[in-house]
Amino acid sequence: MMTSADFKRIRKTQSISVFAILLIISLFVNLSCQKSGVTEEGPSTPTTIVIRFENKVDSLPLVLDTMIYKNSSNDLYKVTDLQYFISDITLHRDDGVDYTVFNDDGIHYVDARIPSSSYLLVNASVPYGKFDSVSLTFGIDEEENISNRFLNPPERDMYWPDILGGGYHYMKMNLLWKKQGFDRTYPFNFHLGIGQVYKGNVINPDSIISYVQNFFYVNLPASGFSIEKGLTKSMVITMNVNQWFTGDNDFDFQKYPNMMMQNQAALHNACLNGRKAISVRFTSGK
Amino acid sequence: MVDLTYNNLKSGVRYSISWVFGFQYARRTLIFSAFLPVLLLLAGLGGCTKDSQDTTAKPVPYIISIPKYFPTQLNIPSDNPMTVEGVELGRYLFYDGRLCGRTDPDSLMSCSTCHMQSHSFVCGIDNPRFPGGHPHGLTGILTPHFMLPMINLVWVNNGYLWNGSLAAGNPLQAKRQLEDMAWMVIADPHEMAGDTSRSKALIQSIPGYPELFEKAFGSKTVTVKNIGRAIAQFVRTLISADSKFDSFLSGGSKLDEKERRGYVLFMTETGGDCFHCHGGEGNPLFTTNLFYNNGKDSVFTDPGDRYSVTGNLMDEGAYVAPTLRNVAFTAPYMHDGRFKTLEEVINFYSSGLVWSASISPLMHHVVTHGVQLTPSQKSDLKAFILTLTDSNFIKKPAFARPLKFPDEQ
Chain G
17 MMTSADFKRI RKTQSISVFA ILLIISLFVN LSCQKSGVTE EGPSTPTTIV
67 IRFENKVDSL PLVLDTMIYK NSSNDLYKVT DLQYFISDIT LHRDDGVDYT
117 VFNDDGIHYV DARIPSSSYL LVNASVPYGK FDSVSLTFGI DEEENISNRF
167 LNPPERDMYW PDILGGGYHY MKMNLLWKKQ GFDRTYPFNF HLGIGQVYKG
217 NVINPDSIIS YVQNFFYVNL PASGFSIEKG LTKSMVITMN VNQWFTGDND
267 FDFQKYPNMM MQNQAALHNA CLNGRKAISV RFTSGK
Chain L
7 MVDLTYNNLK SGVRYSISWV FGFQYARRTL IFSAFLPVLL LLAGLGGCTK
57 DSQDTTAKPV PYIISIPKYF PTQLNIPSDN PMTVEGVELG RYLFYDGRLC
107 GRTDPDSLMS CSTCHMQSHS FVCGIDNPRF PGGHPHGLTG ILTPHFMLPM
157 INLVWVNNGY LWNGSLAAGN PLQAKRQLED MAWMVIADPH EMAGDTSRSK
207 ALIQSIPGYP ELFEKAFGSK TVTVKNIGRA IAQFVRTLIS ADSKFDSFLS
257 GGSKLDEKER RGYVLFMTET GGDCFHCHGG EGNPLFTTNL FYNNGKDSVF
307 TDPGDRYSVT GNLMDEGAYV APTLRNVAFT APYMHDGRFK TLEEVINFYS
357 SGLVWSASIS PLMHHVVTHG VQLTPSQKSD LKAFILTLTD SNFIKKPAFA
407 RPLKFPDEQ
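From first to last, the protein sequence lines stand for chains G and L.
Take 17 as the starting number for the first sequence in the numbering used here and just add one per residue.
Take 7 as the starting number for the second sequence in the numbering used here and just add one per residue.
These are computed hints drawn from the structure, not numbers from a lab.
Note that the structure is a prediction, hence the values are computed from the model and not measured.
Every residue, glycine too, gets a C-beta built ideally from N, C-alpha and C.
Careful: at least some of the hints might be erroneous.
Straight-line alpha carbon distances no greater than 30 Å define the calculated DSS-like cross-link-like pairs of lysine-lysine that follow [stated by the list, open to error]:
1) G:LYS271 - L:LYS302
2) L:LYS250 - L:LYS346
3) L:LYS181 - G:LYS86
4) L:LYS302 - L:LYS388
5) L:LYS64 - L:LYS231
6) L:LYS302 - G:LYS195
7) L:LYS302 - G:LYS94
8) L:LYS410 - L:LYS231
9) L:LYS388 - G:LYS215
10) G:LYS86 - G:LYS215
11) L:LYS302 - G:LYS194
12) L:LYS181 - L:LYS231
13) G:LYS215 - L:LYS260
14) G:LYS271 - L:LYS384
15) G:LYS215 - L:LYS384
16) L:LYS388 - L:LYS346
17) G:LYS215 - L:LYS264
Label-pair ranges, simulated between beta-carbon atoms [unchecked claim]:
18) G:PHE198 - L:VAL305: 17 to 23 Å
19) L:PRO67 - G:SER295: 49 to 55 Å
20) G:ASN168 - L:PRO67: 20 to 26 Å
21) L:PRO67 - G:PHE118: 32 to 38 Å
22) G:ASP121 - L:GLU220: 44 to 50 Å
Isolated chain G, as found in the complex:
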């Protein structure tokens, strides 16, 4: 029996086929244009794009287990675990052509304790040309966020209980924080995923009346980025940890009760901040 994931893959395959046909047509068009002196811009021998995921706290690199960071409330904190999914990374060419990275089924897991998870090597026939933006999904979208799709660790351990909406945590960030001048630390679980709406706002799993998809899209400008023959491109996707706690909804550790999985208001506010936590930059070389 086919699952919705199978359908989506087929749909993507069909999209690729359509895309391939379009590319062939455009190749013919380009060839004919060349005869009339128009410059070449089309596909494409396989291109290498190295995507690196970088975790920072403002201008500082993230070092786990180190109490050196400050949030907007001036509280100190250290991060003990940082794990998240980024999916559907898509390059948008200025003429409307898109290229989506399909490595890992399009869902990439980043774990600050696993260095290899910070790299994604894309060897694919990416259309040449100038790209004006990159988009991605933070977390996993509703269609792909299916329970038991990851059976092996470490992705498996991101699972989000079915009773709370199922699928997987978009992000697990575990913290210890403290007020300046004090020794006592307090744990905080900054866990994002599907939220719940409770009847009468009473947090009781038996009174869940609906679920809220909290994944979000990010569209990042990529002016000046181009794919050219023979050049390896490096894309660095940076997450600024502190940005999750800062923005229109300053996230005060004292204000939220150590946990968020069953607190849709907290999940919502965190995700609003998170839209500004991701940035991208590019480099290139032979």
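Using the hints, position chain L against chain G.
Frame of chain G; chain L shown alone:
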């Protein structure tokens, strides 16, 4: 029920092959037809040379059937593939008290002396030989830690033992794999207190064993390495996936109302908040096999915690989260056996958590000393945890003491 006995091996092989090749069967049929005459010719040539080949039977691969939703990645080293013969030999060695290198009836000790099937392969709190469930070696020295159950170890990929020191990253090359446990146990003063040369020589001298080693590893010469390989193979077959909860996940059994309430508590942050470390429907091993300081102490004196392996201060007082499968049989609980009953464990997580600088942030309920369950919630949670009981696991003949040892056949 997942059956790993030899009798079911053939169906397991058939399933695996059809699963792997099923997708491309039709397309490959055409290609295969084109090459069929060539293949037949090669097969005929092979038949002509058959008499000159080595006639020693090769071990039969032992296929582990992976239960529904279990990880597909198994921790089986490439230099010790599972075979029917290896598992059979490992089972004999696991249960043979002469493994310690002694023959005096009072001095026998095998793996099964402490690792008892009836207790999911811990010694059990009611064991008359090991009061309180704390094992000791032949010389009477207590083990540094209490026991971990031997369940589903083929899926452990972060290191074995309470602190995960038996892992690929161990600076001592001889302490990196499950295979290495055999020599460690033979030599350890708090276990068999023997020496590997004596054990090896004794096993070599027992009629029947050299032939079993030959069948499994191609040589009648007994080596410590192959003793370890065989026992590790047997231990990797100890799979538990036949509890009421497994049946519930597969759409068979239903949880009763009390168990269902306990399940909800297990899976929610506002309830018992157990799932982050102990898994659940998304991780049916019921452990992440990761290491946590779960808030038992504020001062740490055990030289064998996770900190002793990593040197990271955040690992002080941290130990692996044990599987909750068959936890009804594995008392006492925690690395030091401080809790005698499941009720004591639940009470601890409800109101006994202690803060320390290295406490895992996942123990965020420490600010209220625990998850603060009511008496009825505690009872519900226990009812759910007991749905993880796999009684067939502790009775399964394939895991039990052999009726006869090789020299008694």
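For each hint, the structure was consulted:
1. G:LYS271 - L:LYS302: Judged against 30 Å, a Cα distance of about 27 Å means the pair holds.
2. L:LYS250 - L:LYS346: Measuring from Cα to Cα gives roughly 24 Å; hence the hint holds.
3. L:LYS181 - G:LYS86: violated, 41 Å
4. L:LYS302 - L:LYS388: Holds. L:LYS302 to L:LYS388 sits at ~20 Å (cutoff 30 Å).
5. L:LYS64 - L:LYS231: Measuring from Cα to Cα gives roughly 19 Å; hence the hint holds.
6. L:LYS302 - G:LYS195: holds, 24 Å
7. L:LYS302 - G:LYS94: holds, 22 Å
8. L:LYS410 - L:LYS231: holds, 24 Å
9. L:LYS388 - G:LYS215: Since the Cα atoms of L:LYS388 and G:LYS215 sit roughly 27 Å apart, the hinted pair holds (cutoff 30 Å).
10. G:LYS86 - G:LYS215: Between G:LYS86 and G:LYS215 the Cα gap is close to 37 Å, so the pair fails against 30 Å, i.e. violated.
11. L:LYS302 - G:LYS194: holds, 21 Å
12. L:LYS181 - L:LYS231: At roughly 12 Å apart (the allowed maximum being 30 Å), L:LYS231 and L:LYS181 satisfy the hint.
13. G:LYS215 - L:LYS260: Within the cut-off at roughly 26 Å; holds.
14. G:LYS271 - L:LYS384: With a Cα-Cα distance of about 29 Å, the restraint between G:LYS271 and L:LYS384 holds, given a limit of 30 Å.
15. G:LYS215 - L:LYS384: holds, 25 Å
16. L:LYS388 - L:LYS346: holds, 14 Å
17. G:LYS215 - L:LYS264: holds, 22 Å
18. G:PHE198 - L:VAL305: 17 to 23 Å: holds, 20 Å
19. L:PRO67 - G:SER295: 49 to 55 Å: Given a distance of about 51 Å, which is inside 49 to 55 Å, the answer is holds.
20. G:ASN168 - L:PRO67: 20 to 26 Å: holds, 22 Å
21. L:PRO67 - G:PHE118: 32 to 38 Å: 34 Å Cβ-Cβ, so the 32 to 38 Å window holds.
22. G:ASP121 - L:GLU220: 44 to 50 Å: holds, 46 Å
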